[in-house]
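Read off the chains here:
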Amino acid sequence: MANKKDTLQDKVQGLYGRISQDFYLNRDDFEANGQRYNSALLLGTLTELNKGNMLLFGEYGGGKTTSAEYLNAVFNGLPLDLVKRVAIRGNPQLTEEKMVGRPHYGKMHKGEEDVVWQHFVMIGPKIFDEFNRIPESNQAVVLNGVDRGEWNYLNDFVSTGRQPFFATCNYADRGNNGLIPPILDRIDVAVESGFPGVMNALHIAQDYHNDKDEILRNPELTRKALAILNSGKSYEEAQKELETIVQQQQTRLRDAGFSVLSEEDKSKIEQGVRGVVLDRDAEQYFAFLVSEMNSSPKYGQKRSIDNPEGDKQNGLYLNATFAGSGSRREEKSLIRYAKSLAWLQGEGEVNLDHISQVAPYVLWHRVRWTPETEQTFRDSDRKDPLDLHIAKTLLGDGTSEMPGVKKRYSESQANYQRVIDLAGHGKIDQAVQEAKEFYADGRGHPIFLDTLKDLGGR
Amino acid sequence: MPNPRFLQTAERWKNQAPPEERNRVEKTKRAVDTQDLDYFFLGGKLGKETHDLIVKKYGADSPFVTQNVVYDKNVGLIKGSKLGYIIALNEFLPDGMRTSTSYDLQKAIDGKKVFQKGTYEDLGLVLYNESGMNEYLARDLAGQIKDRQELRFPALINLTGLKLRFENKAPNGIAFNLGDESQIIYAPILSCSNDRKKFSKLDGDGLPIFEDNGDHTFYAGSSGLSVLFRDRYSDLYARDRYLVYSNADGRVLVCREAARSKSGGK
Numbered sequence: 505m506a507n508k509k510d511t512l513q514d515k516v517q518g519l520y521g522r523i524s525q526d527f528y529l530n531r532d533d534f535e536a537n538g539q540r541y542n543s544a545l546l547l548g549t550l551t552e553l554n555k556g557n558m559l560l561f562g563e564y565g566g567g568k569t570t571s572a573e574y575l576n577a578v579f580n581g582l583p584l585d586l587v588k589r590v591a592i593r594g595n596p597q598l599t600e601e602k603m604v605g606r607p608h609y610g611k612m613h614k615g616e617e618d619v620v621w622q623h624f625v626m627i628g629p630k631i632f633d634e635f636n637r638i639p640e641s642n643q644a645v646v647l648n649g650v651d652r653g654e655w656n657y658l659n660d661f662v663s664t665g666r667q668p669f670f671a672t673c674n675y676a677d678r679g680n681n682g683l684i685p686p687i688l689d690r691i692d693v694a695v696e697s698g699f700p701g702v703m704n705a706l707h708i709a710q711d712y713h714n715d716k717d718e719i720l721r722n723p724e725l726t727r728k729a730l731a732i733l734n735s736g737k738s739y740e741e742a743q744k745e746l747e748t749i750v751q752q753q754q755t756r757l758r759d760a761g762f763s764v765l766s767e768e769d770k771s772k773i774e775q776g777v778r779g780v781v782l783d784r785d786a787e788q789y790f791a792f793l794v795s796e797m798n799s800s801p802k803y804g805q806k807r808s809i810d811n812p813e814g815d816k817q818n819g820l821y822l823n824a825t826f827a828g829s830g831s832r833r834e835e836k837s838l839i840r841y842a843k844s845l846a847w848l849q850g851e852g853e854v855n856l857d858h859i860s861q862v863a864p865y866v867l868w869h870r871v872r873w874t875p876e877t878e879q880t881f882r883d884s885d886r887k888d889p890l891d892l893h894i895a896k897t898l899l900g901d902g903t904s905e906m907p908g909v910k911k912r913y914s915e916s917q918a919n920y921q922r923v924i925d926l927a928g929h930g931k932i933d934q935a936v937q938e939a940k941e942f943y944a945d946g947r948g949h950p951i952f953l954d955t956l957k958d959l960g961g962r
Numbered sequence: 719m720p721n722p723r724f725l726q727t728a729e730r731w732k733n734q735a736p737p738e739e740r741n742r743v744e745k746t747k748r749a750v751d752t753q754d755l756d757y758f759f760l761g762g763k764l765g766k767e768t769h770d771l772i773v774k775k776y777g778a779d780s781p782f783v784t785q786n787v788v789y790d791k792n793v794g795l796i797k798g799s800k801l802g803y804i805i806a807l808n809e810f811l812p813d814g815m816r817t818s819t820s821y822d823l824q825k826a827i828d829g830k831k832v833f834q835k836g837t838y839e840d841l842g843l844v845l846y847n848e849s850g851m852n853e854y855l856a857r858d859l860a861g862q863i864k865d866r867q868e869l870r871f872p873a874l875i876n877l878t879g880l881k882l883r884f885e886n887k888a889p890n891g892i893a894f895n896l897g898d899e900s901q902i903i904y905a906p907i908l909s910c911s912n913d914r915k916k917f918s919k920l921d922g923d924g925l926p927i928f929e930d931n932g933d934h935t936f937y938a939g940s941s942g943l944s945v946l947f948r949d950r951y952s953d954l955y956a957r958d959r960y961l962v963y964s965n966a967d968g969r970v971l972v973c974r975e976a977a978r979s980k981s982g983g984k
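Sequence lines, in order, name chains A and B. Residue numbers for the first sequence follow the numbering used here, beginning at 505 and rising by one. Residue numbers for the second sequence follow the numbering used here, beginning at 719 and rising by one.
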């Protein structure tokens with residue numbers, strides 16, 4: 505049972521630990537500031553705290569959906585069977601009517617227009633299973649819902665606000681499709697649900713009827729919840745009634761030793777995460793990363809219609825390794841997740857480790873590496889899927905052949921700080937002059953080009 | 719008009735103490751640039767005598783200075799090269815002679831004074847930052863530079879003017895001292911982002927001028943202190959060398975003021 509003196513961080517760590525120990529058995533593959541976690545579960549936890557969007561990649565039966573179901577059930581006080589019931593299973597025949605809402609057929613026969621919202625929309629935390637099995641043309645249907653929590657059908661709409669959203673994807677096979685870039689950009693983080701290890705697998709296999717889930721299931725409450733969802737009540741009314749279901753399930757979980765989060769707790773967590781600031785190193789690493797992802801000495805700025813190879817002549821920066829550019833959504837995701845990680849670790853400031861460890865998970869699904877970049881890393885020894893491995897390498901220290909952003913940051917930070925100091929002490933002309941020298945006509949770091957533009961020197 | 723958000727951020731990020739004025743004499747023009755120079759690989763009587771003096775001072779098996787550098791009497795050449803040896807050599811070379819810089823080596827190759835193919839030459843040190851490769855020496859050298867002038871990374875340090883200092887705490891017991899003539903050149907072109915770029919020519923500081931279809935490749939380092947050297951194919955490296963490494967392909971290029979030598983050294 506959670507102690508009343510437990511901090512909110514203790515409660516969240518408690519839930520993380522409980523899922524990790526008893527439900528989603530896994531191995532640690534993520535480290536920040538000396539603490540080790542499982543990336544799928546950690547970023548899933550941060551997705552719950554943030555009400556973010558997360559993509560889970562993995563092999564068939566690799567635990568992608570399972571981890572999302574446990575997270576949504578435990579963090580939101582929803583019966584596990586209800587969570588499973590309202591999830592959408594992707595298939596090529598899925599239409600807007602099956603995903604979002606449909607006309608009220610009874611009323612339609614009387615010439616009236618009304619919308620029956622699908623359970624997927626009505627229940628806050630969402631899981632879209634096998635997301636890449638729906639055709640690319642239908643993926644756009646959930647665009648606004650995923651991004652802003654606004655769901656439209658006919659002339660009606662429901663605003664759920666941001667809610668935790670999990671989408672699972674199998675690796676490419678004959679039955680699935682690519683995910684469209686606008687969807688990928690709206691997904692905050694992506695992870696791989698990896699092999700848990702032989703001993704964990706043995707343990708999982710022996711629980712072949714998922715008996716351990718019994719504590720999270722509640723068929724009676726699920727039936728009541730479905731009755732509310734099918735009652736035709738408005739979204740707001742339904743939410744009010746569902747709150748009672750959640751409270752009952754939370755009592756049950758609390759009795760079973762879960763450190764349940766109340767709505768008040770969640771609100772305090774949100775405030776707590778907002779209150780976390782970035783220290784100077786973290787902000788400057790962010791600045792270096794953003795400048796490399798968006799600037800192009802050759803074409804003025806990075807664009808998806810330009811050939812990234814063109815920037816190679818100015819140096820092996822990140823901008824030459826992928827097609828397209830960074831996005832403001834991606835940068836917001838990075839800050840939000842880095843802040844929530846720092847909060848979870850009880851820190852008031854995001855440090856370099858927080859931001860640089862989270863960054864690859866924010867980027868790898870959004871970035872299209874050039875064939876040459878992929879070729880460079882294709883045969884390297886690695887633990888992660890290729891795209892994630894490249895992201896981790898190039899956002900970290902890199903290799904002797906392709907240095908990474910963190911390495912360049914450590915190399916150029918002193919020079920950048922000097923320009924900052926000059927500008928901060930009002931010596932703008934000198935700051936411009938030195939930024940020009942450090943930029944060295946395109947041979948220096950692109951942060952200096954960006955600085956020159958900000959200082960009016962370009 | 720500067721972006722006000724940049725200025726706000728700079729206000730937040732700035733160090734309280736205003737930045738020091740940069741020492742504008744950080745790069746001194748080489749006095750020898752305009753002079754007529756002879757270049758040769760160290761050997762013959764001079765090679766034998768200086769080698770013996772170095773061995774006498776540092777011992778025959780000093781890992782940092784003499785190990786794997788020998789005088790080959792069959793061909794009358796010093797075979798092997800490492801930084802410590804070259805710096806030590808400058809202590810014993812007669813007036814009017816010094817070891818070469820990157821610029822000198824290119825000049826010697828262009829002037830067909832030496833046949834460089836199949837050999838390697840150590841030309842300088844590149845200080846990328848104060849951590850990583852050869853960290854102790856990097857920190858030590860960075861501290862000395864900061865006492866003298868502003869330090870900006872990456873910095874190229876030519877070997878002429880450097881001295882060796884016995885230092886118990888240093889790996890191999892030897893560290894570098896900057897001398898009065900030491901040249902520290904801010905060299906952003908040696909940055910790791912220029913790794914594997916092509917070049918055919920060097921500028922007046924001996925730094926590569928990159929071009930798409932150049933004949934040679936530059937291999938950048940990225941941390942700590944690295945050796946700058948040219949390999950058997952004339953590619954320029956600022957990485958992948960232990961400071962104490964030497965093999966029989968190494969050569970030591972010496973510059974001699976031609977006019978002085980012809981007139982018997984005035």
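Hints in this document: simulated from the structure, not taken from any laboratory. Predicted model, so just to flag it, every value in this text is computed and none were measured. Hints should not be assumed to be uniformly reliable.
Unchecked claim - Listed below are the simulated DSS-like cross-link pairs for lysine-lysine, each with C-alpha atoms no more than 27 Å apart in a straight line:
| no. | chain 1 | residue 1 | chain 2 | residue 2 |
| --- | --- | --- | --- | --- |
| 1 | A | Lys940 | B | Lys919 |
| 2 | A | Lys728 | A | Lys611 |
| 3 | A | Lys588 | A | Lys614 |
| 4 | A | Lys931 | B | Lys732 |
| 5 | A | Lys515 | A | Lys744 |
| 6 | B | Lys887 | B | Lys830 |
| 7 | A | Lys555 | A | Lys515 |
| 8 | A | Lys772 | A | Lys555 |
| 9 | A | Lys770 | A | Lys588 |
| 10 | A | Lys887 | A | Lys940 |
| 11 | A | Lys716 | A | Lys588 |
| 12 | B | Lys732 | A | Lys940 |
| 13 | B | Lys881 | B | Lys775 |
| 14 | B | Lys864 | A | Lys940 |
| 15 | A | Lys816 | B | Lys916 |
| 16 | A | Lys940 | B | Lys916 |
| 17 | B | Lys732 | A | Lys957 |
| 18 | B | Lys916 | A | Lys802 |
| 19 | A | Lys588 | A | Lys515 |
| 20 | B | Lys775 | B | Lys763 |
| 21 | B | Lys916 | A | Lys910 |
| 22 | B | Lys864 | B | Lys763 |
| 23 | B | Lys732 | A | Lys836 |
| 24 | A | Lys555 | A | Lys737 |
| 25 | A | Lys910 | A | Lys816 |
| 26 | B | Lys864 | A | Lys910 |
| 27 | A | Lys802 | A | Lys772 |
| 28 | B | Lys732 | A | Lys910 |
| 29 | B | Lys774 | B | Lys864 |
| 30 | B | Lys831 | B | Lys775 |
| 31 | A | Lys931 | B | Lys864 |
| 32 | A | Lys816 | B | Lys919 |
| 33 | B | Lys919 | A | Lys802 |
| 34 | A | Lys772 | A | Lys836 |
| 35 | B | Lys791 | B | Lys774 |
Here is how each hint holds up against the structure:
1. A:Lys940 - B:Lys919: With a Cα-Cα distance of about 24 Å, the restraint between Lys940 of chain A and Lys919 of chain B holds, given a limit of 27 Å.
2. A:Lys728 - A:Lys611: Since the Cα atoms of Lys728 of chain A and Lys611 of chain A sit roughly 25 Å apart, the hinted pair holds (cutoff 27 Å).
3. A:Lys588 - A:Lys614: 34 Å, violated
4. A:Lys931 - B:Lys732: OK: Lys931 of chain A and Lys732 of chain B at ~12 Å, within 27 Å.
5. A:Lys515 - A:Lys744: 25 Å, holds
6. B:Lys887 - B:Lys830: This hinted pair is violated, its Cα atoms lying about 43 Å apart.
7. A:Lys555 - A:Lys515: The hint holds at about 17 Å.
8. A:Lys772 - A:Lys555: Given that 27 Å is the threshold and the Cα spacing comes to 14 Å, the pair holds.
9. A:Lys770 - A:Lys588: 23 Å, holds
10. A:Lys887 - A:Lys940: Given that 27 Å is the threshold and the Cα spacing comes to 41 Å, the pair is violated.
11. A:Lys716 - A:Lys588: 16 Å, holds
12. B:Lys732 - A:Lys940: OK: Lys732 of chain B and Lys940 of chain A at ~19 Å, within 27 Å.
13. B:Lys881 - B:Lys775: Satisfied, since the Cα-Cα distance of roughly 13 Å is no more than 27 Å.
14. B:Lys864 - A:Lys940: 22 Å, holds
15. A:Lys816 - B:Lys916: 11 Å, holds
16. A:Lys940 - B:Lys916: 24 Å, holds
17. B:Lys732 - A:Lys957: Holds, at roughly 19 Å.
18. B:Lys916 - A:Lys802: Holds, at about 18 Å.
19. A:Lys588 - A:Lys515: With Cα atoms ~24 Å apart, Lys588 of chain A and Lys515 of chain A stay inside 27 Å; holds.
20. B:Lys775 - B:Lys763: Since the Cα atoms of Lys775 of chain B and Lys763 of chain B sit roughly 19 Å apart, the hinted pair holds (cutoff 27 Å).
21. B:Lys916 - A:Lys910: This hinted pair holds, its Cα atoms lying about 24 Å apart.
22. B:Lys864 - B:Lys763: 40 Å, violated
23. B:Lys732 - A:Lys836: Distance ~24 Å between Lys732 of chain B and Lys836 of chain A Cα, so the pair holds.
24. A:Lys555 - A:Lys737: At roughly 25 Å apart (the allowed maximum being 27 Å), Lys737 of chain A and Lys555 of chain A satisfy the hint.
25. A:Lys910 - A:Lys816: 19 Å, holds
26. B:Lys864 - A:Lys910: 24 Å, holds
27. A:Lys802 - A:Lys772: Violated: Lys802 of chain A and Lys772 of chain A sit about 47 Å apart, past 27 Å.
28. B:Lys732 - A:Lys910: OK: Lys732 of chain B and Lys910 of chain A at ~21 Å, within 27 Å.
29. B:Lys774 - B:Lys864: 33 Å, violated
30. B:Lys831 - B:Lys775: 31 Å, violated
31. A:Lys931 - B:Lys864: Given pair Lys931 of chain A, Lys864 of chain B holds - Cα atoms ~22 Å apart, limit 27 Å.
32. A:Lys816 - B:Lys919: 19 Å, holds
33. B:Lys919 - A:Lys802: 23 Å, holds
34. A:Lys772 - A:Lys836: Holds, at roughly 20 Å.
35. B:Lys791 - B:Lys774: Cα-Cα ~18 Å, so holds.
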